[in-house]
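Colleague: Now for the letters of each chain:
Protein chains: 2
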Amino acid sequence: MTDQQTPIPTEKEQRATANEMPAQVLLEEQNAHLVEHFLEAIASDETSEASRQDFVSLSGLHPADFSDQIEQLSDEDRETLVSHAPGLITADVLAELEDEVVEEILPLLPAAQLAAAVSYLDNDDATQIIEEMEDEQREAVFDELDTEDRAILEASLEYGEETIGRLMQREFVAAPEFWTVGVTIDHMRETGEDLPDLFFNIYIVDPAFKPIGFISLSKLMRSKRDAQISDLMETKLTTINQDMDQEDAAYLFQKYHLISAPVVDEAGRIAGIMTIDDILEIVQTENTEDILALAGVSDSGLTDTAFSIVKARGPWLFINLLTAILASFVIAQFDYAISEIVALAVLMPIVASMGGNAGTQAMTVAVCAIAERDLTPKSAWRVVRREGLAAFLIGIIFAFALAIIAFVWFKDVQLAGVAFVAMIINHVFAGLAGVLVPLGIKRFGADPAVSSSVFVTTVTDVVGFFAFLGFATLILL
Amino acid sequence: MTDQQTPIPTEKEQRATANEMPAQVLLEEQNAHLVEHFLEAIASDETSEASRQDFVSLSGLHPADFSDQIEQLSDEDRETLVSHAPGLITADVLAELEDEVVEEILPLLPAAQLAAAVSYLDNDDATQIIEEMEDEQREAVFDELDTEDRAILEASLEYGEETIGRLMQREFVAAPEFWTVGVTIDHMRETGEDLPDLFFNIYIVDPAFKPIGFISLSKLMRSKRDAQISDLMETKLTTINQDMDQEDAAYLFQKYHLISAPVVDEAGRIAGIMTIDDILEIVQTENTEDILALAGVSDSGLTDTAFSIVKARGPWLFINLLTAILASFVIAQFDYAISEIVALAVLMPIVASMGGNAGTQAMTVAVCAIAERDLTPKSAWRVVRREGLAAFLIGIIFAFALAIIAFVWFKDVQLAGVAFVAMIINHVFAGLAGVLVPLGIKRFGADPAVSSSVFVTTVTDVVGFFAFLGFATLILL
Chain C
1 MTDQQTPIPT EKEQRATANE MPAQVLLEEQ NAHLVEHFLE AIASDETSEA SRQDFVSLSG
61 LHPADFSDQI EQLSDEDRET LVSHAPGLIT ADVLAELEDE VVEEILPLLP AAQLAAAVSY
121 LDNDDATQII EEMEDEQREA VFDELDTEDR AILEASLEYG EETIGRLMQR EFVAAPEFWT
181 VGVTIDHMRE TGEDLPDLFF NIYIVDPAFK PIGFISLSKL MRSKRDAQIS DLMETKLTTI
241 NQDMDQEDAA YLFQKYHLIS APVVDEAGRI AGIMTIDDIL EIVQTENTED ILALAGVSDS
301 GLTDTAFSIV KARGPWLFIN LLTAILASFV IAQFDYAISE IVALAVLMPI VASMGGNAGT
361 QAMTVAVCAI AERDLTPKSA WRVVRREGLA AFLIGIIFAF ALAIIAFVWF KDVQLAGVAF
421 VAMIINHVFA GLAGVLVPLG IKRFGADPAV SSSVFVTTVT DVVGFFAFLG FATLILL
Chain S
1 MTDQQTPIPT EKEQRATANE MPAQVLLEEQ NAHLVEHFLE AIASDETSEA SRQDFVSLSG
61 LHPADFSDQI EQLSDEDRET LVSHAPGLIT ADVLAELEDE VVEEILPLLP AAQLAAAVSY
121 LDNDDATQII EEMEDEQREA VFDELDTEDR AILEASLEYG EETIGRLMQR EFVAAPEFWT
181 VGVTIDHMRE TGEDLPDLFF NIYIVDPAFK PIGFISLSKL MRSKRDAQIS DLMETKLTTI
241 NQDMDQEDAA YLFQKYHLIS APVVDEAGRI AGIMTIDDIL EIVQTENTED ILALAGVSDS
301 GLTDTAFSIV KARGPWLFIN LLTAILASFV IAQFDYAISE IVALAVLMPI VASMGGNAGT
361 QAMTVAVCAI AERDLTPKSA WRVVRREGLA AFLIGIIFAF ALAIIAFVWF KDVQLAGVAF
421 VAMIINHVFA GLAGVLVPLG IKRFGADPAV SSSVFVTTVT DVVGFFAFLG FATLILL
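If you're matching them up, the sequences are chains C and S in order.
Mapping the first sequence onto my numbering, position 288 (from 1) lands on 288, and the numbers just tick up by one.
Mapping the second sequence onto my numbering, position 386 (from 1) lands on 386, and the numbers just tick up by one.
Bound-form chain C, shown alone (with noise of 0.2 Å):
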């Protein structure tokens, strides 16, 4: 009961850190003590009894911890292990483990072992692996394997990268209409061993192998035996198209709550199912994309090098480079103002740095919506209309705080007056971008989150330095 990996804590644990999860930090703690004194001992002497009991310790823990272990080291601490105990790298931890460390590993690993956990391994998580493989491992290890697994693995691999056809898990099962509760518990009794490890569905399949309904474990196992398995069923069934990308089928999944869902072929044949457990990976990988794309970041991971930092950030940062020259031009055409009074070089990037944020929030909103289809062209009218209410009344306020700032700091009325105006127009223009964008782009067919932050402060930041010190211009010189 007071299992190693996830030990219940007891009270005291729990009052004694303000942390939530104590027991999860304390055990973080003695696996990364592990894996240095691991390390230690194999820098001193490989063959010795401490490193072999760390072996034994280290292939004693859940995958999922060990990985996480895995993933913090160094990248020479981790060839240093992988290399001395390649043994330790199981199937399990592999599957775990984020696809950039699976790169950096496999050319430490020998292509038996690697066929062996292919092999071993679902399609789904088997298929990750040999994403990562260089061509000429990969055809190392398809030597290695057996027809049957070769042939599901290639299948799997003519799928575009995150279709479902490539993650979709190959073994279900499947029952036809006439059978009865009695006749399918005994059929997958038999089968034993071929079927998937996991699984919580029954799908019920015409005889052309259509998918016709589907009936839980949980309601079978409560069934009469004698029962008729088409009489049970569930027939509002979602299924899910072999070439959909993996974020429509996640959404299929959170509308629907879906625990699996078969997966059909063009002829809409049964060819595979997706279940939840898989959409909850697909979900948390898309969220952090949408998040890092939101800041301009096209791809990240902790093993990154400073160089692959510098390439998934650059080209962004190029086209901010860009609008800020865009917005230089704007201020350039009043220079003359400027020198004239240098209050509006002290007040320019307040209106600007206004407009930016509010119109970021209004986009986030936006992008987040669209997302969870709440945003709709349907509901886009009213959408627009309330967001260009709201930023006027934002505007409102905050042009009175910088307008009674401008007027404490610089004593000029007319001054005060250009800032309140200026400040008003930029928030209105930020609001009404801040939805327009995303709602523009997605009506193109391109990823709101990807590009519209680009637009949207290019917007405010034009808009901004030209409202401010255009009026200042016209009132105040």
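Read the hints as simulated data drawn from the structure, not as lab findings.
Quick caveat: nothing in here was measured; it's all calculated off a predicted structure.
A portion of the hints provided could be inaccurate.
A pair counts as met if it fits within one copy or between any two copies, since identical chains are not told apart.
[Stated by the list, open to error] Using 20 Å as the maximum straight-line C-alpha spacing, the simulated SDA-like pairs for lysine to any residue come out as follows:
hint, residue 1, residue 2
1, K224, P110
2, K255, E98
3, K224, R189
4, K224, E132
5, K219, L198
6, K224, T90
7, K255, T90
8, K236, S218
9, K255, V25
10, K411, D77
11, K236, I152
12, K311, S451
13, K255, E281
The hints should help you fit chain S onto chain C, whose structure is shown.
Modeller: Below, chain S without anything else, positioned relative to chain C:
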């Protein structure tokens, strides 16, 4: 098979449009049309045959589809629909609706209908609806409930919002370790009605009702009837504490790939279970919260009014106003330099903007890495060094770019040199602040997603203006 709710798209439909989910889009259009038609029928004559037929069609929609349509309606249309046809708002539809919409329509529904809905739903869904009720209505609904349902719901409400105690399912299947597979299955057949609708695991408990292992239904089903469940059970058990935050529970599910987990009370006794479908919802909610928090939005929803938008975004904009003023003070210190060389006012926003964006990139990556427990105190030093190096490289690249632009534009080598140095300095500060600020906020026990942005952009604005204008004063004047 061609179920109206979720038709399998024909090939023709698939090719008809570039959109990835034509079937889904088509379905939503049909449903929207149906709702519109119903509203028109109500408006002209609510007792008409047309209105009755629409009512029947709407009743047949999948609750998730119908709730989507209700969410898309304007406030007035929604009120008309619900008050004329409260019968359409079934328990399942209520469970699907967003909290804000539930709050809005609850006053339109009779207590008896709500009581029936609440006792029909699983306790976690029921709790979410009761949370949205005004005290008076809640009392009226509780009076209609039977004692047991009422006791379960009151127990859930005793836990804090977003804690597992409130969210967990209080119905689950537990078995003592001495039972055989056959006894366990027979027990489930007999209890039938009282079991949860859907479950995946059976928990094995000791005499003190503490969970000591679990067995999945798919394994139970494949095993021989006379096998002892304690021989088959999985003992690597991850338990969740009932006062745990939902985010931490979601982390454990993701890390250990859990499908369901027992929730234990202070004494370690099983009190309920959490299942992955609820976790998926939590992950989605928390992710949206994080995305919005990063943009400085405290709350959002499409049903918000313009005033609630002002409330949700105003605080962050106010803080931004303060930091923008701080940056302006820095600029004001160099007003003489600006009045002498207006080019400084033209170029300074570029330096600040590039630093701000680079800092936001680094910060967003760090916030994601902290949330996924990839960036920990242990790996912090390595990440900080790498970010610093990357920032330096990025700084050099864009410093060159800006220097060239400055030279071409203003034909001034010294000005170009000042821009060059200021860009590098600001990028290095941006990169370091991007990692150190979220790490520092995390160490103080706060959520890095909520407050990092303001500190990072303050650093990049202040450093950007100070470095650029300061060097300009030293060198150019």
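Colleague: Quick one: which hint numbers does this structure break? Sort them smallest to largest.
Modeller: 1, 4, 6, 10 and 11
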